[in-house]
Amino acid sequence: MNIAELGRTGGGEPAVRTEGLAKSFGEHRAVDGIDLEVRPGEIFGVLGPNGAGKTTTLRMLATLLKIDAGRAEIFGVDVAGNPHVIRQLVGVTGQYASVDENLTARENLWLFSRLQGVPAGRARGIAIDLLAQFGLEKAADKPIAQFSGGMRRRLDLAASLITRPPLIFLDEPTTGLDPRTRGQMWDTIRSLVADGCTVLLTTQYLDEADQLADRVAVIDHGRKVAEGTPDELKSAVGNSTLQLLLAEPAEVPAAVEVVRRVLGSEPVLSPEQGRLNVALDRADLAADVLIALRTAGLSISSVSVAKPSLDEVFLVLTGHETDDHGDRALEESR
Amino acid sequence: MTSTIAPAREAVQAADRVAAARRRVTVGETIAQTLTMAWRALKKMRRNPEQFFDVALQPILFTAMFAFIFGGAIAGDVESYLPLMIPGILAQTVLTTCMATGTQLREDMEKGVFDRFKSLPIARIAPLAGPMVADLLRYAIAATLTFGMGLVMGYRPGGGVAGVLGAILLAIFTGWSLAWVFTWVGTIARSAQAVQGISMMILFPLTFLSNAFVPVETLPGWLEAFVRVNPVSQLVTAARDLANGGLVSGSVAWTLLASLIVIAIFAPLSVRSYKRHM
Numbered sequence: 001m002n003i004a005e006l007g008r009t010g011g012g013e014p015a016v017r018t019e020g021l022a023k024s025f026g027e028h029r030a031v032d033g034i035d036l037e038v039r040p041g042e043i044f045g046v047l048g049p050n051g052a053g054k055t056t057t058l059r060m061l062a063t064l065l066k067i068d069a070g071r072a073e074i075f076g077v078d079v080a081g082n083p084h085v086i087r088q089l090v091g092v093t094g095q096y097a098s099v100d101e102n103l104t105a106r107e108n109l110w111l112f113s114r115l116q117g118v119p120a121g122r123a124r125g126i127a128i129d130l131l132a133q134f135g136l137e138k139a140a141d142k143p144i145a146q147f148s149g150g151m152r153r154r155l156d157l158a159a160s161l162i163t164r165p166p167l168i169f170l171d172e173p174t175t176g177l178d179p180r181t182r183g184q185m186w187d188t189i190r191s192l193v194a195d196g197c198t199v200l201l202t203t204q205y206l207d208e209a210d211q212l213a214d215r216v217a218v219i220d221h222g223r224k225v226a227e228g229t230p231d232e233l234k235s236a237v238g239n240s241t242l243q244l245l246l247a248e249p250a251e252v253p254a255a256v257e258v259v260r261r262v263l264g265s266e267p268v269l270s271p272e273q274g275r276l277n278v279a280l281d282r283a284d285l286a287a288d289v290l291i292a293l294r295t296a297g298l299s300i301s302s303v304s305v306a307k308p309s310l311d312e313v314f315l316v317l318t319g320h321e322t323d324d325h326g327d328r329a330l331e332e333s334r
Numbered sequence: 001m002t003s004t005i006a007p008a009r010e011a012v013q014a015a016d017r018v019a020a021a022r023r024r025v026t027v028g029e030t031i032a033q034t035l036t037m038a039w040r041a042l043k044k045m046r047r048n049p050e051q052f053f054d055v056a057l058q059p060i061l062f063t064a065m066f067a068f069i070f071g072g073a074i075a076g077d078v079e080s081y082l083p084l085m086i087p088g089i090l091a092q093t094v095l096t097t098c099m100a101t102g103t104q105l106r107e108d109m110e111k112g113v114f115d116r117f118k119s120l121p122i123a124r125i126a127p128l129a130g131p132m133v134a135d136l137l138r139y140a141i142a143a144t145l146t147f148g149m150g151l152v153m154g155y156r157p158g159g160g161v162a163g164v165l166g167a168i169l170l171a172i173f174t175g176w177s178l179a180w181v182f183t184w185v186g187t188i189a190r191s192a193q194a195v196q197g198i199s200m201m202i203l204f205p206l207t208f209l210s211n212a213f214v215p216v217e218t219l220p221g222w223l224e225a226f227v228r229v230n231p232v233s234q235l236v237t238a239a240r241d242l243a244n245g246g247l248v249s250g251s252v253a254w255t256l257l258a259s260l261i262v263i264a265i266f267a268p269l270s271v272r273s274y275k276r277h278m
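Residue numbers (the working numbering), protein chains in the order written: chain B, 1 to 334; chain W, 1 to 278.
DSS-like cross-link-like pairs, simulated, lysine-lysine; straight-line CA separation at most 27 Å: (1) B:66 <-> W:275; (2) W:111 <-> B:66; (3) W:44 <-> B:138; (4) B:142 <-> W:43; (5) B:138 <-> W:111.
Just so you know, these hints were derived from the structure itself, not from any lab.
Starting from the given sequences, assemble the full structure and let the hints guide the process.
So, in structure tokens, the structure goes:
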């Protein structure tokens, strides 16, 4: 495909399209056939626990890892065949800040601008603009070693935006940030889309996907287990979860029966003996369930109501918990 | 941090970007990117001045030490040993300096910033060649100090200023080309320590099994054969001819040829192995 053809096909193409994308490290299939379609102008979230294959997927799309099998296209351009073109279209912000520790913030931005062919004078201007936009003016000439985690992330994101790439990859952009910095990062990510960018981000947090993403793909063990809007995802799980631990594990079937009768829905059995998770549309439905259990003479040793966590989403979608990456899970995936 | 990006800008148009994307890096871009990487390496050197310890101390220490230890035994006295030894120290210093190139590259590659270098649309050779360009400064310092120390100890090179400059330039170029070997080691080894270990194993036979410190005639026949083909011996002979006699001998040509062959083999190997690392 030559440049002219690349240009013609670039128009209405999805920002990202993968088919059967796969990557193995030795025996371990880190990404095991993932199909994704990210539309231009949206924030697409890839949600999954540690080790699910999120970062590996992103690194393959960013030409940082070789694609073992399947196909990936970015704005209609084949990733494996045109890595140099892809690198001009994608800005990557990794999980670990990929900026130069030996340079100041300003020097970092200048370095990455110059490397991408920005003339020296304009590079200086871009650095000043980005530092201001990310609230780093005061720290502009300090060594990165003195930066906080949040400042590094901001600088890292700023460095990805130098050439205003149409597609931005963010790998767990807020992991390890305090709540205030996290909120600021969310605002920044939203503003990218307002600017015409498409954002593909990975996260371990359901609420982050909920806050930011237009659509979410849930992946586990290198496979996509669900896809939809955050609302669709949450309605599968309920808005809150009633967690029950029965005093007598033998009474679980009776308790399941009670929940079915009261809510008309199926509780999720946790691998732990006697534990039930009940998805609730409204938190006050918890009282109805508890009263019904008492009436039925079933005794409870512990009870709590929580917002659905990634664990619950996973329990509902995959039937196992997120920390379940031991032998059993591996066997299941085979 | 503000929540809007400069409002007056027009939106990013993906299709235009795809159309405008360049297919490959031109030679001009590669050179510009390499020089930018060299700028980065120089900044790094300035902020970590301990990187200069080896290039500054080694020539001074080794020149004094070797002259007094071997001088009497090999040449009768220290002063008549200096014309033989100084070009030898020059070669040794430059080789040690290029070993550091590989070790430092490996350390650097393990840092997060290399991830960004890989994700940028830049020539794959730029992150490798940039630090090497900056290292020219280290070779220049090491070579100059070696001759400076020699002069202090009473060395009077017969080749004059031009001869000495020629020897320094030849040593810098040879060192730079041999550095590609260590850069390659840097891209294949698992850790910086491993690079150091492997490099030592290459370096010691090369420098000591050469004519750097002793006349070849004193060696047993089998060893003499190796010493004569050792490229370091060629460099030492060429540097002696230049510095002591102002003579551009055949060894100069052989040294240049050997250097070019080393670059032709190890530069592509390094880039290939760097690419595979990702």
